[in-house]
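Let the hints inform the model, and build the full structure from the sequences given.
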Amino acid sequence: MSRGKRVGREARQGWHGRQALILGKVVLVTGVARQLSGRFVRRIQRDPEVDRVIGVDAVPPAHHLGGADFLQADIRQPTIARVLAEHRVDTVVHMDVSGITPLGGGSRGSVKETNVIGTMQLLGACQKSPSVRRLVVKSSTNVYGAAPRDPAVFSETTPPKSLPSGGFAKDAVEVEGYVRGFARRRPDVAVCVLRFANILGPSADSPLAGYFSLPVLPTVFGYDPRLQFVHEDDVIEVLRIGAHEPERSTMNSGTFNIAGDGVLLLSQCARRLGRPTVPLLLPAVTWAGGALRTLGATDFSPEQIRLLTHGRVVSTTQMRETLGFGPRYTTAGAFADFARSRGPGMLPPQALAGAVDKVAALPFLRGRTHTPSPSNHPSHPPTHSAD
Amino acid sequence: MADAKVIPFDDDRPRGAAGAGKASGKGSGKSAVRRRGGGLGGSGRRGKGGEPGAAPVREVQPLPVPPPGQRPEPGTRTASAGRGGGWERRVAGGLAFLRRRVTGEYEVDEFGYDEELTDQVLMSLLRPFYETYFRVEVKGVENVPADGGALIVANHSGTLPLDGLMMQVAVHDHHPAGRHLRLLAADLVFMLPVVNELARKAGHTLACAEDAQRLLESGELVGVMPEGFKGIGKPFSERYKLQRFGRGGFVSTALRAGTPIVPCSIVGAEEIYPMIGNAKTVARVLGFPYFPLTPTFPWLGPLGAVPLPTKWTIQFGEPIATDGYPPEAADDPMLMFNLTDQVREQIQHTLYKLLVQRRSVFF
Numbered sequence: 020m021s022r023g024k025r026v027g028r029e030a031r032q033g034w035h036g037r038q039a040l041i042l043g044k045v046v047l048v049t050g051v052a053r054q055l056s057g058r059f060v061r062r063i064q065r066d067p068e069v070d071r072v073i074g075v076d077a078v079p080p081a082h083h084l085g086g087a088d089f090l091q092a093d094i095r096q097p098t099i100a101r102v103l104a105e106h107r108v109d110t111v112v113h114m115d116v117s118g119i120t121p122l123g124g125g126s127r128g129s130v131k132e133t134n135v136i137g138t139m140q141l142l143g144a145c146q147k148s149p150s151v152r153r154l155v156v157k158s159s160t161n162v163y164g165a166a167p168r169d170p171a172v173f174s175e176t177t178p179p180k181s182l183p184s185g186g187f188a189k190d191a192v193e194v195e196g197y198v199r200g201f202a203r204r205r206p207d208v209a210v211c212v213l214r215f216a217n218i219l220g221p222s223a224d225s226p227l228a229g230y231f232s233l234p235v236l237p238t239v240f241g242y243d244p245r246l247q248f249v250h251e252d253d254v255i256e257v258l259r260i261g262a263h264e265p266e267r268s269t270m271n272s273g274t275f276n277i278a279g280d281g282v283l284l285l286s287q288c289a290r291r292l293g294r295p296t297v298p299l300l301l302p303a304v305t306w307a308g309g310a311l312r313t314l315g316a317t318d319f320s321p322e323q324i325r326l327l328t329h330g331r332v333v334s335t336t337q338m339r340e341t342l343g344f345g346p347r348y349t350t351a352g353a354f355a356d357f358a359r360s361r362g363p364g365m366l367p368p369q370a371l372a373g374a375v376d377k378v379a380a381l382p383f384l385r386g387r388t389h390t391p392s393p394s395n396h397p398s399h400p401p402t403h404s405a406d
Numbered sequence: 006m007a008d009a010k011v012i013p014f015d016d017d018r019p020r021g022a023a024g025a026g027k028a029s030g031k032g033s034g035k036s037a038v039r040r041r042g043g044g045l046g047g048s049g050r051r052g053k054g055g056e057p058g059a060a061p062v063r064e065v066q067p068l069p070v071p072p073p074g075q076r077p078e079p080g081t082r083t084a085s086a087g088r089g090g091g092w093e094r095r096v097a098g099g100l101a102f103l104r105r106r107v108t109g110e111y112e113v114d115e116f117g118y119d120e121e122l123t124d125q126v127l128m129s130l131l132r133p134f135y136e137t138y139f140r141v142e143v144k145g146v147e148n149v150p151a152d153g154g155a156l157i158v159a160n161h162s163g164t165l166p167l168d169g170l171m172m173q174v175a176v177h178d179h180h181p182a183g184r185h186l187r188l189l190a191a192d193l194v195f196m197l198p199v200v201n202e203l204a205r206k207a208g209h210t211l212a213c214a215e216d217a218q219r220l221l222e223s224g225e226l227v228g229v230m231p232e233g234f235k236g237i238g239k240p241f242s243e244r245y246k247l248q249r250f251g252r253g254g255f256v257s258t259a260l261r262a263g264t265p266i267v268p269c270s271i272v273g274a275e276e277i278y279p280m281i282g283n284a285k286t287v288a289r290v291l292g293f294p295y296f297p298l299t300p301t302f303p304w305l306g307p308l309g310a311v312p313l314p315t316k317w318t319i320q321f322g323e324p325i326a327t328d329g330y331p332p333e334a335a336d337d338p339m340l341m342f343n344l345t346d347q348v349r350e351q352i353q354h355t356l357y358k359l360l361v362q363r364r365s366v367f368f
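Sequence lines, in order, name chains A and B. Going by the working numbering, the letters in the first sequence line up with residues 20 to 406, in that order. Going by the working numbering, the letters in the second sequence line up with residues 6 to 368, in that order.
Some hints here could point you the wrong way.
The following residues of chain A were derived to be distant from chain B, with all beta-carbon distances above 10 Å [unchecked claim]:
1) G86
2) D88
3) G185
4) R245
5) I260
6) R359
Okay, derived cross-link-like pairs now, EDC-like style, lysine to aspartate or glutamate, Cα gap no bigger than 16 Å in a straight line [said to hold, decoys possible]:
7) A:K180 with B:D192
8) A:K180 with A:E322
9) B:K358 with B:E142
10) A:K180 with B:E215
Hints are computed from structural coordinates only; laboratory data are not their basis. The C-beta atom is built at its ideal place from N, Cα and C for all residues, glycine as well.
Take a look at the structure:
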């Protein structure tokens, strides 16, 4: 403990000198077999101050990594420490914390092991490696849970009223705990924990994206949860901010909620997607979720059901004021982009709007000049709210 | 009722109808209604949905229950009003509203408040209760600031939180700036299906310091009933006796946000469900804080759940400024208790004054 502190102090003193010596950064990204991590690797590879990018995953990625090196290594094994030392890695971007079962089709147990044991191994390796100066962890707003007794808007300091009892949310809570411990032991390392809201985008493969792809959306009767989304492009951008030196008057170490502006209700989402909803009583939803999961249609975990019952909204003041990041997509914009990529559902909103316009144009209403429902209603075009 | 026996000393109204509360004097009742109709008509019609067709309805004796068929639908509400232009505009507006609803192109804030739905539908559903059934009289609405945050603190009563909803309609319909009241509700509200959905859409949120402060700092008008379940679930014998005001958290929240506190006294809500007993075992089984037994409720089935048509008065008092205190004052428990007592005393005092002025419970 005391030794670690001393090392930290020395390293902090030598910070600026070393900064001048090392010209390029060496970035290590975990979990690159996933689409989002692959995109991040390709993007950060193009940054001029980045010298090398090393992608690590237990399985080789199906997508190309844009010239980055790929090392097939399991972060649950101690080999990761050797990788860090060999390549003199100075920035670690840990993206292998995920609620999705791996591509090869693994069990929930193996996901949990990668999330928790993998993080522990990685942090242990980072602690031993003197070259590491920056750590970025992709976490999730799942750590707040979802309960009726919670405040409507979570800020980074809000303690959740009911800690997540299992599943990915519990993994994320544990991962963040280990990351906090690491930050205490290595105060010279800038640690950035990014709590992402539900990530959506054209290539999103999250459980929520799977849910919104169902032809008919089962909902919980009597609840209309508030949801927040963040677009994949914004995820990449904010991870870059975390991985680089902070801009002037901003700080990129700490914990930040990342979400698009605004809120969408589940009913709004369903209508904008044009998918009918089937309200079910809570026990029936749990049962249907279990059935769907067995069939493999979607990953309908209990925490997912809690999210779709009580919803979750986070405050993004810290993201704007401290991290200095303004997302390009609003919640509605990110959702619109996702909806475009999925194609219309059974009840496309355009068709419904057309039907209402037809009623408005019926003979007994026609001929009035002030009828304010023309066929192309100007208010809130759904597709342009992003820009 | 015991309150009607109090001799009024500063009543400026004509006397004579004071004893008519339980009396069968239909004539005096009618005259009272007519007098009030004259005084209330202007302000009552200021609301968005207040249509001219409702004026004759207000003249007659209030019905015990508004028939469900009479619940107004936005857009088609005054189909019988006979004024062509208004009717068409309503239909067109209703269709535009419907178009936005079916395509999901409407906005909600981060608390889930759906302003459009509240104004067009939820308020229109509450307004018949407000105008015709409880005939709410609003006083001192000028004490509610026209802009910026403010915390309205009111007494709580009536077994079901109808008083909060009526206060919301009162602020919305009578305030010159048409402000929206954001109520803080108990966690039970957000656990019940359907109720939680409607509450969120009507702009209510959980009564916790985080939410209240967030709303106040964004310049919203926040309504709170610090008595909570102690106030709403108290027996009929303790009516108009203010219970303990929680731990005074609302004062420190207002102090932190630097917003004024507006005391509000509601008279009439205590008698809508005279709670003569509390079935504690049933309440425990259902997970409710109390299970009311009224002279009618469990015995007459759903018919017993019809509230008594009492006459309400909502009085907004002089605002208490909180911006003169230093920032650390919010953590001073002594100051908190003093301010809490001041607010409580003011509400209690206004309650007694209004009770003395009241002619009867029902008129």
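Are all C-beta atoms of chain B more than 10 Å from that of G185 (chain A)? holds, 21 Å
Proposed proximity, E215 (chain B) with K180 (chain A) (alpha carbon, max 16 Å): Cα-Cα ~13 Å, so holds.
Hinted pair, alpha-carbon criterion (16 Å max): K358 (chain B), E142 (chain B). Please report holds or violated. holds, 15 Å
Classify the label on G86 (chain A) as holds or violated, using whether its beta-carbon is more than 10 Å from each beta-carbon of chain B. holds, 42 Å
According to the definition I'm using, a residue is off the interface if its beta carbon is farther than 10 Å from all beta carbons of the partner; does R359 (chain A) meet that for chain B? holds, 15 Å
So is I260 (chain A) really clear of chain B, every C-beta pair being over 10 Å apart? holds, 23 Å
Distal placement of D88 (chain A) relative to chain B, Cβ over 10 Å: Holds: least Cβ distance 43 Å, greater than 10 Å.
So R245 (chain A) supposedly isn't at the interface. Is its beta-carbon more than 10 Å from every beta-carbon in chain B? violated, 5 Å
K180 (chain A) and D192 (chain B): Cα distance at most 16 Å? holds, 12 Å
Assess, step by step, whether the Cα of K180 (chain A) is no farther than 16 Å from the Cα of E322 (chain A), and give holds or violated. holds, 15 Å
In summary, the one numbered hint that this structure violates is 4.
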